[in-house]
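Visitor: Each step along the sequence shown adds one to the number in my numbering, with nothing skipped, and position 73 is 240.
Read the hints as simulated data drawn from the structure, not as lab findings. Small disclaimer: the values here were computed from a predicted structure and weren't measured. Glycine included, each C-beta is placed from N, C-alpha and C at the ideal position. Incorrect hints may have been included.
[Said to hold, decoys possible] In silico lysine to any residue, SDA-like type, Cα no more than 20 Å apart, as pairs:
1. 273 with 248
2. 184 with 228
3. 273 with 254
4. 273 with 258
5. 273 with 219
6. 273 with 228
[Said to hold, decoys possible] Quick list of simulated restraints, FRET-style, between CB atoms:
7. 238 with 182: 41 to 47 Å
8. 270 with 199: 48 to 54 Å
9. 184 with 217: 51 to 57 Å
10. 193 with 259: 54 to 60 Å
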Amino acid sequence: MITIFHVKQHPFNKKLKQKQIFLSALILLHFALIGELKAQESWFWQNPNPQGNTLRGVSFSDNYNGTAVGDFGTIIRTSDGGNSWVIQQSGTLETLFDVSFSDANKGPARYES
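Produce the complete structure using the sequences and hints provided.
Guide: Spelled out as structure tokens, the structure:
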């Protein structure tokens with residue numbers, strides 16, 4: 168013979184469990200918001216500035232001057248070591264795969280048609 172016991176939960180325990188779940192969710196939300204605020208103090212969104220195309224190659228002629236190339240003829244240049252970038256006109260919509268600069272002003276870019 169099998170005897171089955173059913174333990175009935177007291178209504179007070181059910182309310183206590185609901186309060187625990189609510190407080191846990193509130194604490195998690197609090198830490199999530201604080202973490203997000205702290206991240207905003209030190210990080211900033213840089214992509215897609217100044218553009219959002221995929222970059223395929225980059226070349227620096229020295230510690231400050233660099234050029235990056237990519238999809239749709241994208242060319243961007245920096246003169247401050249990569250802290251800021253300026254879009255340059257390439258005259259093509261071909262994907263530029265690579266670039267090589269020997270000085271700050273002259274360098275070829277490779278594409279495939």
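Visitor: Can the suggested window of 54 to 60 Å be confirmed for the beta-carbon pair residue 193 and residue 259?
Guide: holds (56 Å)
Visitor: Would the pair residue 273 and residue 219 pass a check requiring their Cα atoms to be no farther apart than 20 Å?
Guide: With Cα atoms ~24 Å apart, residue 273 and residue 219 exceed 20 Å; violated.
Visitor: If I claimed the Cβ atoms of residue 238 and residue 182 lie 41 to 47 Å apart, would that claim hold in this structure?
Guide: Given a distance of about 59 Å, which is not inside 41 to 47 Å, the answer is violated.
Visitor: Does the alpha-carbon distance linking residue 273 and residue 254 stay inside the 20 Å limit?
Guide: Cα-Cα ~16 Å, so holds.
Visitor: Does residue 228 lie within 20 Å of residue 273 when you go C-alpha to C-alpha?
Guide: holds (10 Å)
Visitor: Is the straight-line distance between the alpha-carbon of residue 273 and that of residue 258 20 Å or less?
Guide: With Cα atoms ~16 Å apart, residue 273 and residue 258 stay inside 20 Å; holds.
Visitor: Does residue 184 pair with residue 228 here, judged by a C-alpha cut-off of 20 Å?
Guide: violated (64 Å)
Visitor: Using the C-beta atoms of residue 270 and residue 199, is the stated range 48 to 54 Å upheld?
Guide: holds (49 Å)
Visitor: Given the hinted pair residue 273 and residue 248, is their Cα-Cα distance within 20 Å?
Guide: holds (17 Å)
Visitor: Has the hinted range 51 to 57 Å been met by the Cβ atoms of residue 184 and residue 217?
Guide: holds (53 Å)
Hints 2, 5 and 7 from the earlier list are contradicted by this structure; the remaining hints agree with it.
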